[in-house]
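In order, the protein sequences belong to chains A and B. Here the numbering used here is used: the first residue of the first sequence is 1110, the next is one more, and so on. Here the numbering used here is used: the first residue of the second sequence is 533, the next is one more, and so on.
Treat the hints with care, as some may be off.
[Unchecked claim] Keeping only pairs whose Cα atoms sit at most 25 Å apart, straight-line, the calculated DSS-like set for lysine-lysine is:
#1 B:Lys-697 - B:Lys-580
#2 B:Lys-710 - B:Lys-749
#3 A:Lys-1339 - B:Lys-634
#4 A:Lys-1290 - B:Lys-548
#5 A:Lys-1290 - B:Lys-609
#6 A:Lys-1274 - B:Lys-634
#7 B:Lys-609 - B:Lys-580
#8 B:Lys-549 - B:Lys-580
#9 B:Lys-609 - A:Lys-1339
#10 A:Lys-1290 - B:Lys-538
#11 A:Lys-1274 - B:Lys-609
#12 B:Lys-580 - A:Lys-1290
#13 B:Lys-749 - B:Lys-760
#14 B:Lys-538 - B:Lys-707
#15 B:Lys-634 - A:Lys-1290
#16 A:Lys-1339 - A:Lys-1386
It should be emphasised that the hints constitute simulated quantities derived from the structure, not laboratory data.
For reference, the chains in residue letters:
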Amino acid sequence: MATFAEFINSYFLWRDPMIVGAVTGAVCGFLGVYVVLRRIIFVSAALTQISSFGVGLAFYLEAYSLGVFASLFDPFILSLLLTCLAAAFFALRKDFSRVSTEGVIAFGFLLASGAVVIIGDRITKGAHDIADILFGSAVVVEPADVLIIPLVALIVFITHIIFFKDFVFVSFDTETARLFKYPVRLLNTGLLITIAVVVAVATRALGALPVFGLLALPALSSLLITENLKLVFIFSVVIGILSATLGYFFSFILSLPTGASMTVCAAAFFLLASGWKGLSAG
Amino acid sequence: MSHLIKLEGLTIGYEKKGLLQTTDIAIERGQFWGILGPNGSGKSTLLKTILSLIPPVEGNIVSENGAVFGYVPQHEKFDAIYPISVFELVSMGRYSRVPPGKRLTTDDRAVIEDSLDKVGVAHLCGRTFRSLSGGEKQRSLLARAIAGEPDILVLDEPTAAVDIKGEAQIMSLVKSIKQESGLAVIMVSHFLNTISAFSDHIILIDKDNDIFQAGDKKEILNSETLNKFFGLNLDMEKVNEMQAIERLT
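Next up, chain A with everything else stripped away, as it sits in the complex:
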């Protein structure tokens, strides 16, 4: 077990992953409010698995000589492409004949989960890499991620500041939004695409488990803490950042798996929020 002093002295080791974790926590915390309010938590679970599948598939295809197409099978690009396609599919298709929407989401989640394990068995990088994708490593992040993730987060935040009223409106009252000639499909697809892009870039850096955890748990916690919608977003961002950074800190000090540590920290905040809600109600 490392001491706090050792942690501080090793800042050059954790600086980059901590930045990536905190930014991911902030942006996932923000988007998670929509995920929870729109009751699409399992869409985000399916997207994280599809993103993992994209990364795994890229590793698998790396073994083949693909010439000019090789850049298409970069883990980042393939994961982004598949996740955005899945998000557009979930946003645009409302009617799945006799299968419920939940059933289709479960199908996407299970197919991607199964496929990523099968691919993990076949790739030369081995099972360890697939475990990192699924459960998160984040011990070391690639230098590009320190630029890409904050840049993506900045674009997502700017988009959401501009269209905040519109995303809330179409989420809360689709019917009236349609009556007022709002581009409901475009806004819904745009919202899901921003979630998909964040899921794709964050899953490659941190892993599917912490990304799913950071999309769901901070928003669930903040909805227990406040009755003010704008504060829900702010608290969710703060809890997302704290979950990611404390998760990394405990992972470093206690030698825990990083992705799991972040997820447990986010779950601990949810338990604290539930306790606070229980005390304030009683």
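Chain A is fixed; fit chain B onto it per the hints.
Below, chain B without anything else, positioned relative to chain A:
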């Protein structure tokens, strides 16, 4: 008088399956149209077709250019998971005049505050919508509908889940808003007395029995039509200058 909406050769239904053929109707400013029918009679389908939320199976709905709708849906349709305040809810009514990507201006906020005052829910503006009583929710939704300064106010069963006092308050508010603004009102209800007391034009609808009758209240609400539509021996009487239904047997 200018027509705000015209229904021309309209057949309503879902997914290209016709449910009911309607007669041609022209809705004008200052008119109060009541849509009356039993549960599952096609009232909501007609309303959503008028609002262009459902495409007509046949025919056209012609709206006056730039006509703005104010819509009061049933409050049960809103998901209580959202911590939306009454002010935020009423602000959404103004979005008919604020396009995507634009923010509410100071003038918009003044109109929203005025709507909250008119309907008597200004004191609730900091509360969450989900924490309100049925009557308070309905009045907040009415404030939301008028915040868009509509030409046509559309109400879907506005008194369905409120007590008698709440019903009287809501209907009196609708009446005063109509008189003050000169807008057209379209209201769906399955309460015959409410419709007969407040509307001047009535649509009787029952898709199962292929009934669609529309016109002036005096033409529609007579013993013959009522007996045919409800299968009961009913007649009209006046109570406090308002039409009311009397059951004869």
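Now for the hints, and whether the structure bears them out:
no.	hint	verdict
1	B:Lys-697 - B:Lys-580	violated, 28 Å
2	B:Lys-710 - B:Lys-749	holds, 17 Å
3	A:Lys-1339 - B:Lys-634	holds, 18 Å
4	A:Lys-1290 - B:Lys-548	holds, 22 Å
5	A:Lys-1290 - B:Lys-609	holds, 20 Å
6	A:Lys-1274 - B:Lys-634	holds, 9 Å
7	B:Lys-609 - B:Lys-580	holds, 14 Å
8	B:Lys-549 - B:Lys-580	holds, 15 Å
9	B:Lys-609 - A:Lys-1339	holds, 22 Å
10	A:Lys-1290 - B:Lys-538	holds, 19 Å
11	A:Lys-1274 - B:Lys-609	holds, 20 Å
12	B:Lys-580 - A:Lys-1290	holds, 14 Å
13	B:Lys-749 - B:Lys-760	holds, 16 Å
14	B:Lys-538 - B:Lys-707	holds, 23 Å
15	B:Lys-634 - A:Lys-1290	holds, 14 Å
16	A:Lys-1339 - A:Lys-1386	holds, 18 Å
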